[in-house]
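Novice: Protein chains in written order, with the working numbering: chain A, 2 to 304; chain B, 109 to 412.
The reader is advised that the hints may include incorrect statements.
[To be verified] Partner residues are not named here, just some residues of chain A that face chain B (Cβ under 8 Å, in silico):
no., residue
1, Thr35
2, Leu41
3, Pro45
4, Met154
Everything labelled a hint here was simulated from the structure, so no lab data went into it.
Note that the structure is a prediction, hence the values are computed from the model and not measured.
Glycine residues also receive a C-beta, built at the ideal position from the N, C-alpha and C atoms.
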Amino acid sequence: MTTTAPPARATRPRSTPQRRRQARQGWLYALPTTLFVALLFFAPLLLVFQMSASDWPLLSGNQGLNFPENYTDAVTNRFFMDSVWFTLLYTVLTTVILLALSLGLAMLVQESSRWKGFLRTSFLVPSALGLASASLLFYVLYSPFAGPFADLMQAWGFTFLGTPEGALWSTIFLIVWRFAGFYMLLMLVGLQGISEDVYEAARIDGASRFQIFRSITLPLLRPTLALTTVLCVTGSLLAFEQFYILTKGGPDNSTITVVQLIYNIAFQGQNDLGVAAALSVIVLAALVVVNIVQIRAFARKED
Amino acid sequence: MAIDTESRSDHTRAIVTGDASARPNHHERPRSIGGVLVRMPFWLLTGALALIFLYPLIWTAVSSVSPHAGTNQVDGWGLGNYVTLANYQAGIWVYLFNSLFVSLLTVLLTLVVSLLGGYAFARFDFPGKNVLFLSTLAILMVPYATLLIPLYVLLNAVGLSNSLVGVALVLTMFQLPFATFMMRISFEAIPREMDEAAMVDGCSTWRALWTVLVPAVKPGLITVGLFAFLAAWNDFIAPLILITDTNRMTLPLAVSNLRVQVQGVVDYGATEAGVVVLALPCILLFLILQRHYVRGFMSGAFKG
């Protein structure tokens, strides 16, 4: 039987018919993955670079080179700086609040009991909703006409989405509601990786709860904190649906995120795919830099 | 001390399985009056927290069938808002069908591609294997919106503009990093002796995959399928950009558009009904398959 040698355990790099069959079969099984990655990932990734250097209106397609005008057009767009600042502000606020809260929730429900199981499920249920569904839900909830706070809003004269600050904080609340359970689950996975012996030793040494949290839980949770920070920062920098549905960028264009600007330039009015692609490349580059910085920062502290 | 350590591993398993109620709790406070009083603030605080998370869902479900202003359900309880929703433009059945079609096709494609890919990565040696695997994971690093504009151009070029199949292909691609990773570790968790034994009996790798391995990686397949369904059913950006024909819109897009009907008046009631229709399948699936959902987090697939 040819299969008595264990497959895929290459001891020596030699080319036998059997190894060649191995490789051929492996490639065949991996072929669908290869096709998807090549045609739907690498091809558009290359195309976005080409588009960013081309004059490319939405309806008429490629009209030839337009470099570096697309990039200068992108950064001189009148909403560019505002959208960058807004996106950064939103990202910092969301990340800090979401991670602090989800760590708190995780520590609250860490042990097992019927009640804590119920709490875990309650916190997690919103994570099953789509971001668009959750945004639509809060669109009604925040409504001054049909929402549960409509009467209160009338009596006290406030709105959720009517002012720039209100719109920002209302959206952050929606995002925290939608994602807290998701990040809590990641935190729980991290917390259970910390051995009970370490806590026990600290308790014997007479450490207080706060001391244990600061000198044991937080340092040992660093890989989890790194992962959740990277995920949360990336997700927030790319925010789109929540603002598209809740605020449409308003009031007074105060809540336009970078991705929403890309969408507007490409499909709303300006219809300029070249400039939108240039902005996409800028976002892609910024994201790579931000992620490298974050990973470096977390890795250095570990030494 | 020993009891503490033991219960700790119980917690671990409770998180793994997402099944806390199955685990008896041997060291919670004794059920005396004093114990209950001591725990009161804790229960109040956590109860309030749970309420904050559940209230928006419950309020929406209740108010979608109860009378209130700004909706089509003015007199008494009833399904007026759902009637509006059902008759919106092409009709809710069209949008439901579109959403189901995209979701099920995405699930099917994701399962097939990641099953075969995971098998290849876990069991075979072939040139370019690591490059291909890392390339698949690299999809995670590239922002969604960055790829959608060139994908819009590419799909137009191959005649898949305005096509639900095109949307499913794009959504499948975005599922591949998680799905491939998940299936690879699922296969790697199975002892090689299992498929080797099957092959000694004369099975081809293909037959060994379907008869021996697929049953063994079924939990991984359920997790992958669940994540793919939730992502596809709920996706908003891909259909927003790739679909312009109103008859081919998916449900999230239709509900988002139906908010503003005539003369800029928002139909809040129909929106609530739409949110319920959108959310209900997800919440039910989540509650039924909670442990498979949690497994997705345990796998380390999010560490990319």
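Novice: Which hints from the list above does the structure break, by number from lowest to highest?
Specialist: 4
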